[in-house]
Amino acid sequence: MARKGGTKGKPWRASWEDSTGAIRTKVFQYKVEAERHERAMRKQRKQAIGTLAEWLAGDGEKRFLSGLAESTKKTYRGHLHLRIIPDLGDIEIHKITPDRIERARDKWLASGLSPAAVTGTMNALARVFRILRKARMIEASPSAEAERPTILVPKKPPTLTPGEVERLAKAVTFARPDGINRGIYGDYVRIAAYTSLRAGELAVLSPEDIHLDSSLIWVSRASSAGVKSTTKDKEGRWVIVVDVVRPTLERLIANHDGPSDAPLLHGPFGGKWNHSNFLDSVDWPRLLTRLGWPGFRFHDLRGTAISQWIAAGIPLTTVRELAGHASLTTTNIYARTADSALAEAKKLADAHIARNLPLATRAEHA
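What the sequence shown shows, in our numbering, is residues 2 to 367, in sequence order.
It cannot be assumed that every hint is accurate.
[Stated by the list, open to error] In silico BS3-like pairs for lysine-lysine, Cα to Cα no more than 25 Å straight-line:
| # | residue 1 | residue 2 |
| --- | --- | --- |
| 1 | LYS273 | LYS74 |
| 2 | LYS11 | LYS32 |
| 3 | LYS171 | LYS273 |
| 4 | LYS74 | LYS63 |
| 5 | LYS273 | LYS75 |
| 6 | LYS96 | LYS63 |
| 7 | LYS74 | LYS135 |
| 8 | LYS96 | LYS135 |
| 9 | LYS63 | LYS135 |
| 10 | LYS74 | LYS108 |
| 11 | LYS75 | LYS135 |
| 12 | LYS27 | LYS11 |
| 13 | LYS108 | LYS96 |
| 14 | LYS63 | LYS75 |
| 15 | LYS75 | LYS108 |
[Unchecked claim] The calculated label-pair distances, taken between Cβ atoms and stated as ranges, are:
| # | residue 1 | residue 2 | range |
| --- | --- | --- | --- |
| 16 | GLY296 | VAL245 | 44 to 54 Å |
| 17 | ILE315 | PHE270 | 31 to 41 Å |
| 18 | GLY314 | GLU251 | 24 to 34 Å |
What the hints contain is simulated information worked out from the structure, not anything from laboratory work.
Built from N, CA and C at the ideal position, the CB exists for glycine as well.
Generate the whole structure from the sequences, applying the supplied hints.
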């Protein structure tokens, strides 16, 4: 705001920050001139800042990650490069509005990203704007007015039956209009649906992690935004190999021509495996809607495996260890999806008890 304090002939002083953060001043005869000049200088500074991607490419990303724990840095770097820069990076910083952020949020949700992951991305974006505001490069943070998605614990997480898993695997194999058989896509779906491995864990799964002689997979690494790190539980875990997915793993290992610690999966034409490219290639949201499962996310294949384990009667404590859940509370969410198996469980229990009852007792209960 223009203030008095100039010379006798020019009593009004305009003050503003230039693109380096230095305070500049100029005196005017009239207040309206000083205010007009301040507005012009603020506009010029905004334009000098450039796009979000340009600022981040300078020292912005370094400032954004400064002071964060290493594990948080990896997560926030992933939010930055997987979503924030691709969808908001080419926009001039002063033109990023709450509405534009909410449109990006809706796009992320529509792509199948979980509300929790979208909220994490928006938290990272809020940090970006806090830094910009502290540096006085913007006057207010647009992310402060953008609404976060509502995170609800689903009463019944969406899962697929084994038959539906096979249907999905075949659908992604031939999802592209070119008619090319992308069998690796079907393999990806099957492995996820029967092992519960997360997308980041599958990206770095290698033949040396798979122990078919004992029907186990050792999961200790994951990839986030192309950066290898530990798994979410940070300790590693063993996962069982069920018979239905064994032939897929055997074939992939037999055809693997790299070092035993190199990733098992590769792109359909031999390149590096990329989860985002897979989702885009098969047009995941539209494909799943066409199959009759709108809103089904790739991550729900993990829940599919967990639910199958629970329905099979594996103790929840064991399922928790296989899934790498921090607590049984999370595992119990998936236990609810197995309620439909309770009636069948009762039949099996009745049959078992009946087979082991003495003949006389059986007659009494007949």
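Tested hints:
Of the supplied pair hints, the one linking LYS273 and LYS74 holds, its CA atoms being roughly 24 Å apart against a limit of 25 Å. A C-alpha spacing of about 9 Å is found between LYS11 and LYS32, which places the hinted pair at or below 25 Å, so the restraint holds. Proposed proximity of LYS171 and LYS273 is supported: the alpha carbons are some 22 Å apart, at most 25 Å. Distance restraint check for LYS74 and LYS63: the Cα-Cα separation of roughly 10 Å lies within the 25 Å cut-off, and the hinted pair is therefore satisfied.
With a C-alpha separation of about 20 Å, the suggested pair LYS273 and LYS75 falls inside the 25 Å cut-off, and the hint holds. Proximity of LYS96 to LYS63 is assessed by CA-CA distance (about 23 Å); at most 25 Å being required, the pair is judged to hold. Restraint check for LYS74 and LYS135: the C-alpha separation of about 20 Å stays at or below 25 Å, so the hint holds. With a C-alpha separation of about 18 Å, the suggested pairing of LYS96 with LYS135 holds against the 25 Å cut-off.
For the hint pairing LYS63 with LYS135, the CA-to-CA distance comes to about 15 Å; that is within 25 Å, so the pair holds. Annotation: proposed proximity of LYS74 to LYS108 holds, straight-line Cα distance about 24 Å (limit 25 Å). Between LYS75 and LYS135 the alpha-carbon distance is near 23 Å, which keeps this suggested pair within the 25 Å criterion. A C-alpha spacing of about 10 Å is found between LYS27 and LYS11, which places the hinted pair at or below 25 Å, so the restraint holds.
For the suggested pair LYS108 and LYS96, the alpha carbons sit about 19 Å apart, so the restraint of at most 25 Å is met. With a C-alpha separation of about 13 Å, the suggested pair LYS63 and LYS75 falls inside the 25 Å cut-off, and the hint holds. Under the criterion of a C-alpha separation no larger than 25 Å, the hint pairing LYS75 with LYS108 is consistent with the structure, at around 23 Å. For GLY296 and VAL245, the Cβ-Cβ distance of about 25 Å falls outside the hinted range of 44 to 54 Å, so the restraint is violated.
About 38 Å separates the C-beta atoms of ILE315 and PHE270, a value consistent with the hinted range of 31 to 41 Å. As the Cβ distance of GLY314 to GLU251 is approximately 27 Å, the hint placing it in 24 to 34 Å holds.
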